[in-house]
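*Asks:* Sequence:
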Amino acid sequence: MINACDSPYDLPLYPLLNPASCHDSVSFVVGWAAFSQRFNLGAVDKMLLDAAHDAEAIYHLLDQQQVEPFIDLNKRTKKNSETAGDIQISPEGVPICPIGKKMKPNGYDCTRNRQKWRCPLACGTKNTCEIPCSTAKYGRTYHTHNKDNLRLFPKTSRETEKWKTIYKRRTSIERSNKREKIEYHLEAGNHRSTMMWTVRLFGIMMCQHMDAWYAHRKEELAFLKSHIFPSAA
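To convert a position in the sequence shown, counted from 1, into the numbering used here, add 64.
One thing to keep in mind: the hints can contain errors.
30 Å max Cα-Cα, derived DSBU-like pairs, lysine-lysine [claimed, not checked]:
1. 242 to 201
2. 165 to 242
3. 219 to 139
4. 211 to 228
The following label-pair restraints were derived from C-beta to C-beta distances [as the list claims (entries may be wrong)]:
5. 93 to 195: 22 to 30 Å
6. 81 to 195: 18 to 26 Å
7. 277 to 245: 19 to 27 Å
8. 147 to 258: 32 to 40 Å
9. 232 to 287: 21 to 29 Å
10. 219 to 263: 35 to 43 Å
None of these hints come from the bench; they were simulated from the model.
The beta-carbon is built from N, C-alpha and C at its ideal position, and this holds for glycine as well.
Assemble the whole structure, with the sequences as input and the hints as a guide.
*Replies:* Given below as structure tokens:
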């Protein structure tokens, strides 16, 4: 299911039923391809996905379509990666300084598509590190480039508050699924064919959109109550 996470009403946009044996990442690629061909009401600039979709191919797919991915990491190792210098890269894509501390994000350079990191013990011109690894006035800095690894080095670093704030919106899909299963009793249908499940799901989605239209224009439509339910008015 593709959902509008920026909607205050948790609106579903495009469902696609797949076999239970189909992995979430594969289902997403198929669903995204179908959705991209049909959706022409606006532009999608961000995609929020859980750790099941943490595959490098998905990052490249979204990047090719100029969509910024916000995907939770599915950690595959606990070891830091080596670089050409004395800086290491953690499994989360954060540079580790020579004394083993995580460096702090310090802005993104859009012209060069790279994230800047600074010494974790430096604050302005003050540096409390007992063994500084740089003579620079503002401490050691390091850059990570998107082209090196889209998965570990996204445009918006996972260490920033911006990333965490945006990713919180992913709960929208959980609320939408809950409404479909509990309020509209999606799983109560004893259907045997995919076609019938699809028809039922689309009917429920239309009801969700109708609820949103009414909630958005509740005051404007209040006068209809006296016409439709005269006894209740």
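*Asks:* Each hint: holds or not?
*Replies:* We went through each hint and held it up to the structure:
1. 242 to 201: violated, 53 Å
2. 165 to 242: This hinted pair is violated, its Cα atoms lying about 41 Å apart.
3. 219 to 139: holds, 19 Å
4. 211 to 228: holds, 22 Å
5. 93 to 195: 22 to 30 Å: Since the Cβ atoms of residue 93 and residue 195 sit about 48 Å apart, the hinted range of 22 to 30 Å is violated.
6. 81 to 195: 18 to 26 Å: violated, 58 Å
7. 277 to 245: 19 to 27 Å: holds, 22 Å
8. 147 to 258: 32 to 40 Å: violated, 49 Å
9. 232 to 287: 21 to 29 Å: violated, 38 Å
10. 219 to 263: 35 to 43 Å: 39 Å Cβ-Cβ, so the 35 to 43 Å window holds.
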